[in-house]
Amino acid sequence: MNAHEFGPAPARRAAFALVGAALAAWPAFAQPQPSAGATVTALPTAQPLPVAKPEDVGLDPTRLARIRPAFEREVTEGRIPGAVLMVARRGKLAYTETIGFRDQKEAVAMTPDTVFRLYSMTKPMTSVAVMMLVEEGRIGLADPVSRYLPAFGKAPVSVVRADATEQVAAERPIRIYDLLRHTSGLAYGELTANAPVRDAYVRGGLRSDTLDYESRSLSPEAFTQAVAAAPLARQPGTTWEYGVSVDVLGRVVEAVSGQRLEAFLDDRLFKPLRMADTGFSLRDAAQGRRLALHSGVDPAAGNKPVGMIDVSSPPGNASGGAGAIGTAGDYLRFGQMLVNGGVLDGARILSPATIRLMTTDHVAGLAAPLPPGMLLLGSPGYGFGLGFLVRLDDGGALVSGREGQFMWAGYGGTYFWVDPKAELVAVLLTAAPSAGRAAHRRLFQTLVYSAIVD
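Taking our numbering, the leading residue of the sequence shown gets 8, the next gets one more, and so forth.
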């Protein structure tokens with residue numbers, strides 16, 4: 008990993024030293040205590056899940072204790088400002104750790120209730136929303152997207168050749184299934200090599216100076232038109248290419264349900280699962296004070312300024328692909344619902360059969376300019392389901408794990424995974440947009456798996 012800086016090194020290390028003694032003394036479930044020069048906000052007493060000692064759920068506490076110094080090193084060496092990490096096993100919260108700062112400039116220590124921009128960890132939640140409507144018979148996976156969003160009925164495909172670029176007709180319509188597994192031909196401009204697609208997104212009003220062509224300032228209708236008017240980067244159904252597919256799924260949810268995406272998710276997912284801090288904007292000043300702040304630059308690109316989404320007010324277009332905010336505890340509850348087969352604390356969200364369908368590989372044999380495992384973890388050995396990266400085998404990858412594990416992550420350094428066989432959910436949240444985030448995901452996953460002893 009490169010040495011990424013978040014402010015002047017001497018000042019940063021001095022500030023970290025002020026809270027270092029307190030950090031070193033925290034047991035797994037302790038609340039952080041104020042230390043000289045650091046501000047700590049009072050925390051709610053409720054835990055996201057019932058609490059257990061690690062050894063009571065088959066985790067070695069001595070091995071789990073390796074996580075804190077490993078991530079403290081990432082803070083002191085300037086690669087992340089701070090992190091919240093949680094691990095649950097067999098339905099119990101067995102490990103919570105807070106490291107570094109949620110506001111590094113003001114030396115405000117990280118706390119378990121810190122609110123983060125989730126970015127692409129919004130995608131699994133939107134995918135779940137779609138599958139809820141599938142279970143109700145209101146959407147079919149084979150349905151053309153144009154049935155719900157007519158603007159998507161005529162998009163050509165941009166074909167890039169060595170000597171020229173041309174547009175050809177799409178060989179078949181984009182289906183809901185394609186959006187869920189990223190085989191729609193829709194792309195992210197910053198990732199695709201297809202310049203006509205990228206340029207068309209910008210002409211449509213999607214902001215290219217922010218993550219994923221950020222669209223909060225657009226109306227939902229304007230977002231739909233901007234994406235539908237652009238050519239496709241690939242023939243539908245032929246290639247796995249990461250892009251705005253799940254943002255379009257969010258618009259499908261709105262068209263079918265008659266609700267804004269954020270309202271549908273609040274009514275059908277966040278409230279039933281008691282994910283009180285999850286939404287698409289800060290609800291009040293008190294929640295705003297718990298927001299993890301970022302450096303505003305990409306340290307992996309020479310501290311190039313990065314436009315991050317403004318979550319201080321409700322969005323015009325609620326991005327189903329990258330627009331949500333939330334806490335580690337809230338997302339742990341979402342993950343626990345998944346590992347339970349679609350239910351948590353009596354709230355049934357999806358059936359076990361649908362969870363299995365979503366977390367099975369659906370892209371075997373397809374081309375991929377950047378395979379899903381390489382994108383997320385810098386590792387082979389993964390496929391993609393309906394909203395999730397899926398581990399294909401116990402071996403064949405560069406990080407510990409096992410067949411059937413599924414996960415996703417976000418631009419700001421957010422990451423979660425679920426291992427149904429181990430009955431395990433793990434969440435890592437940071438506010439550090441950089442190329443180092445794949446290494447942080449591998450580090451956390453390796454350390455957690457090393458602690459599973461039965």
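Some hints could be false.
Computed cross-link-like contacts, DSSO-like style, restricted to lysine-lysine with a CA-CA straight-line distance of at most 30 Å [unchecked claim]:
no., residue 1, residue 2
1, 60, 112
2, 428, 99
3, 311, 60
4, 99, 311
5, 278, 428
6, 278, 60
7, 311, 112
The calculated label-pair distances, taken between Cβ atoms and stated as ranges, are [stated by the list, open to error]:
no., residue 1, residue 2, range
8, 172, 303, 32 to 40 Å
9, 209, 278, 19 to 27 Å
10, 153, 224, 32 to 40 Å
11, 202, 309, 39 to 47 Å
12, 209, 65, 13 to 21 Å
Source of the hints: derived by calculation from the structure; they are not laboratory data.
All C-beta atoms in this analysis are idealised placements derived from N, C-alpha and C, irrespective of residue type, glycine included.
Now for the hints, and whether the structure bears them out:
no., hint, in the structure
1, 60 x 112, "violated (35 Å)"
2, 428 x 99, "holds (15 Å)"
3, 311 x 60, "violated (43 Å)"
4, 99 x 311, "violated (41 Å)"
5, 278 x 428, "holds (27 Å)"
6, 278 x 60, "holds (28 Å)"
7, 311 x 112, "holds (18 Å)"
8, 172 x 303: 32 to 40 Å, "holds (35 Å)"
9, 209 x 278: 19 to 27 Å, "violated (37 Å)"
10, 153 x 224: 32 to 40 Å, "violated (26 Å)"
11, 202 x 309: 39 to 47 Å, "violated (23 Å)"
12, 209 x 65: 13 to 21 Å, "violated (51 Å)"
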